[in-house]
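2 protein chains.
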Amino acid sequence: MSGTSISIVEVGPRDGFQPINEFIPTAQKAAFIDRLYEAGIRRMEATAFVSPRAVPQMADAPQLLEHCATKPGLDVQVLVPSRKQAERALAADARHLAFVLSVSPAHNQSNVLRSPRESVEDFRAIFAMLPPGARVRLNLATAFDCPFDGPVEPGETLELVEALASISSDAEFCLCDTTGRVTPDRVGDLFRGAQQRFPEIGRWAFHGHDTYGLGVANVLAAFQTGVGVIDSSFGGLGGCPFAPGATGNVATEDLVWTFAKMGVATGVDLERLLGAADMAATLPGACVGGRVRDALGAHSRRSENA
Amino acid sequence: MSGTSISIVEVGPRDGFQPINEFIPTAQKAAFIDRLYEAGIRRMEATAFVSPRAVPQMADAPQLLEHCATKPGLDVQVLVPSRKQAERALAADARHLAFVLSVSPAHNQSNVLRSPRESVEDFRAIFAMLPPGARVRLNLATAFDCPFDGPVEPGETLELVEALASISSDAEFCLCDTTGRVTPDRVGDLFRGAQQRFPEIGRWAFHGHDTYGLGVANVLAAFQTGVGVIDSSFGGLGGCPFAPGATGNVATEDLVWTFAKMGVATGVDLERLLGAADMAATLPGACVGGRVRDALGAHSRRSENA
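Protein chains in written order, with our numbering: chain W, 85 to 390; chain B, 85 to 390.
Treat the hints as calculated values from the structure; they're not laboratory data.
Errors might be hidden in some of the hints.
Just some of the chain W residues that point at chain B, by a computed CB distance under 10 Å [to be verified]:
no.: 1; residue: Arg127
no.: 2; residue: Asp177
no.: 3; residue: Ile251
no.: 4; residue: Ala255
no.: 5; residue: Glu256
no.: 6; residue: Val266
no.: 7; residue: Pro268
no.: 8; residue: Pro283
no.: 9; residue: Glu284
no.: 10; residue: Gly286
no.: 11; residue: Arg287
no.: 12; residue: Ala301
no.: 13; residue: Ala349
no.: 14; residue: Gly369
no.: 15; residue: Ala370
no.: 16; residue: Gly373
Since the model is a prediction, treat every value here as computed from it, not as a measurement.
For each residue, glycine too, the CB sits at the ideal point set by N, CA and C.
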């Protein structure tokens, strides 16, 4: 395994809360963000700038961004699906955008209502409008597998990476397993292939789901290729409303536990994180996952040397 | 990844049923064995010869062994914890014994009421009494981690392998993660170290638990080193009664699904296996696990290309 530290991006406040129908009061969301920060989380996808009509849960994005700005050292990224929403986010003082587009045309159409090529042009416009000091990460959904069309050819993903890298290779490129159906061998192969073909891209990330129990295995496969940034969600919250059966991101606590056992630093305190995850599990409509929370709850958390 | 096929040892009828308090009628156990066989399972830990007073659930071992003998091509192994029980098993026509002993003295004492050295002497006696055509596999419990003493040093495990290999290197050596707390890096390291140090041992196997969500990841780490035999339990049934919190073997269906995606043949039909697992989930007192059963149940099993 490579590296002695890993950067975890806590995506629960966005990817985890988004599919929950009942509106979580802004103060409660802010309290979750506080607990995650107190647990040592220093990078977070805190919210999304999307149509409040389409996703009412994310309607309080500006307020949450303002809340996050009070936390020293917290790198706050916000999801944006379009040029218009990127403008909204930047106007609200967002300085780290996560622009999402899908490799699969069918998924991109469902998710952001345009073709991948149109999304690439959106990225070109967004990149051009970035103020000094602002950054963008690219979330390539269905980089491995599409809920509608099944397995995605590596060549298709690499072609999209190429189009985006021709606009900016400074962005962080996050390859996302949207369905949770990819296996570690393919995760490793695609990252190795991508790193070899695009040496100009310096930052890679992986985002996976644990739907079929491969969440941690896939993260480790990415880590083994040198990927240093991993998305995960506390309590295993999450799932994509447009990917049927994708019932949860890989759980942050599963990663923190695993990496600790491997001697890889995450900077996150497991006990405090578990406290936040336990709290999340009580949210009405929350779809929780992961294994470590149950395993440590089964006997005594306090006696566990994580 | 190495190899284009893998041999799965279905241990549910032993490891999965054993911790269930309420006696499962022998005919029902036989029906499970039938369904697993019909799903393509060709190697099974079907029962255990242990004290019927200590483990009443396994009291029907001779009858189940007789039932299994009617199935062409089924390799039936039975767990034995001592010389005395090995004698009982052989008298009942068992021809494939799985002798269990622990690397950790504390666990061996709890599990089989003797020291590891005494267990090694038991193996010497068992090996000497094997009739022609009979085989033995060695289950080295706590090969990585002990529920009582925590992490086990690789040197301790290798020392026990050495003592056993000096009696017979023809046995299959199964390194068991009893607690589910080992990580894939350590699984890979130990198997590589063992294979290098004991080239005379031709058959290695891995037995893991999914308690912390690392079941499949650990199996793949073993597979990557060339291990060709993997234990698993349908429905993720199982757990060790003497390992608190070890709440389930890696689920056979999770492995069958994963290996199919990787193009590695298991010989097992996923649909039929899921049928057996669904049936197991209805057993009173059953502790089920795994992810694939839920994931495929969540939408339509029939539409899934495993």
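Chain B contact restraint on W:Asp177 - CB to CB distance below 10 Å
Since chain B brings no Cβ nearer than about 38 Å to W:Asp177, farther than 10 Å, the hint is violated.
Answer holds if the nearest beta-carbon of chain B is closer than 10 Å to that of W:Ala370; otherwise answer violated.
Check failed: Cβ of W:Ala370 comes no nearer than 16 Å to chain B, outside 10 Å.
Does W:Ala301 hold up as a contact with chain B if the rule is Cβ-Cβ below 10 Å?
This interface hint holds because 4 Å falls under the 10 Å limit.
Close enough to count: is the Cβ of W:Arg127 nearer than 10 Å to one in chain B?
violated, 22 Å
Regarding the hint that W:Glu284 lies at the interface with chain B, is the smallest CB-CB distance below 10 Å?
Since chain B brings no Cβ nearer than about 29 Å to W:Glu284, farther than 10 Å, the hint is violated.
Once the shortest beta carbon distance from W:Val266 to chain B is found, is it less than 10 Å?
holds, 8 Å
Holds or violated: is there a CB of chain B closer than 10 Å to the CB of W:Arg287?
Result: violated, 24 Å to nearest chain B Cβ.
With a cut-off of 10 Å, does the beta carbon of W:Gly286 approach a beta carbon of chain B closely enough for the hint to hold?
violated, 25 Å
Identify whether the interface hint at W:Glu256 stands, where standing means a beta carbon of chain B within less than 10 Å of its own.
This interface hint is violated because 25 Å lies over the 10 Å limit.
Grab the minimum C-beta distance from W:Gly369 to chain B and call the hint holds if it beats 10 Å, violated otherwise.
Nearest chain B Cβ about 16 Å off; hint violated.
Given W:Pro268 was flagged as interface, is its beta-carbon under 10 Å from a beta-carbon of chain B?
holds, 6 Å
Grab the minimum C-beta distance from W:Ala255 to chain B and call the hint holds if it beats 10 Å, violated otherwise.
violated, 29 Å
In summary, the structure is inconsistent with hints 1, 2, 3, 4, 5, 8, 9, 10, 11, 13, 14, 15 from the numbered list given earlier, while agreeing with the others.
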